[in-house]
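S.K.: Please build the complete structure, drawing on both the sequences and the hints.
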Amino acid sequence: MLNKEELDSLMGEVSEALNHLSVTFQHCPFDLIQTC
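Residues 336 to 371, numbered by the working numbering, are exactly what the sequence shown covers, in order.
Calculated directly from the structure, the hints in this document are not laboratory data.
Here the structure is a predicted model, which is why all the values come from computation and not from measurement.
Among the hints, erroneous ones may be present.
[What the hints assert, rightly or not] Calculated pairs, SDA-like style, for lysine to any residue (alpha carbon to alpha carbon, straight line, at most 20 angstroms): (1) Lys339 to Ser350; (2) Lys339 to His355; (3) Lys339 to Glu351.
M.R.: This is the structure:
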(Lines of atoms letter the chains of each structure in order from A and count residues from 1; the text may use other names and numbers.)
(Lines give C-alpha, C1' and ligand atoms only; values in the text may rest on other atoms or scores of the structure.)
Protein backbone atom coordinates (compact mmCIF):
# COMPACT_ATOMS: atom_id res chain seq x y z
CA MET A 1 0.00 0.00 0.00
CA LEU A 2 1.06 3.57 -0.60
CA ASN A 3 1.47 5.87 2.34
CA LYS A 4 -0.60 9.05 2.52
CA GLU A 5 2.07 11.31 1.06
CA GLU A 6 2.61 9.02 -1.92
CA LEU A 7 -1.13 8.75 -2.43
CA ASP A 8 -1.59 12.53 -2.28
CA SER A 9 1.21 12.98 -4.80
CA LEU A 10 -0.29 10.40 -7.14
CA MET A 11 -3.76 11.93 -6.89
CA GLY A 12 -2.28 15.34 -7.64
CA GLU A 13 -0.64 14.00 -10.78
CA VAL A 14 -3.84 12.27 -11.84
CA SER A 15 -5.94 15.40 -11.34
CA GLU A 16 -3.44 17.48 -13.33
CA ALA A 17 -3.57 14.95 -16.15
CA LEU A 18 -7.38 15.00 -16.11
CA ASN A 19 -7.39 18.80 -16.18
CA HIS A 20 -5.06 18.73 -19.19
CA LEU A 21 -7.30 16.22 -20.96
CA SER A 22 -10.47 18.19 -20.27
CA VAL A 23 -8.83 21.35 -21.65
CA THR A 24 -7.78 19.43 -24.75
CA PHE A 25 -11.32 18.12 -25.22
CA GLN A 26 -12.71 21.65 -24.92
CA HIS A 27 -10.30 22.98 -27.54
CA CYS A 28 -10.72 20.23 -30.11
CA PRO A 29 -13.59 17.86 -29.33
CA PHE A 30 -13.75 16.49 -32.87
CA ASP A 31 -10.04 16.11 -33.58
CA LEU A 32 -8.65 14.28 -30.57
CA ILE A 33 -6.08 12.15 -32.40
CA GLN A 34 -4.13 15.05 -33.88
CA THR A 35 -2.39 17.55 -31.63
CA CYS A 36 -4.16 20.88 -31.46
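S.K.: Are Lys339 and Ser350 close enough, with their CA atoms no more than 20 angstroms apart?
M.R.: Roughly 16 angstroms separates the two Cα atoms, so the pair holds.
S.K.: Quick one, are Lys339 and Glu351 close enough, alpha carbons at most 20 angstroms?
M.R.: 18 angstroms, holds
S.K.: Check whether the Cα positions of Lys339 and His355 lie no farther apart than 20 angstroms.
M.R.: Violated, at roughly 24 angstroms.
Hint compliance for this structure: hint 2 is the single one not met.
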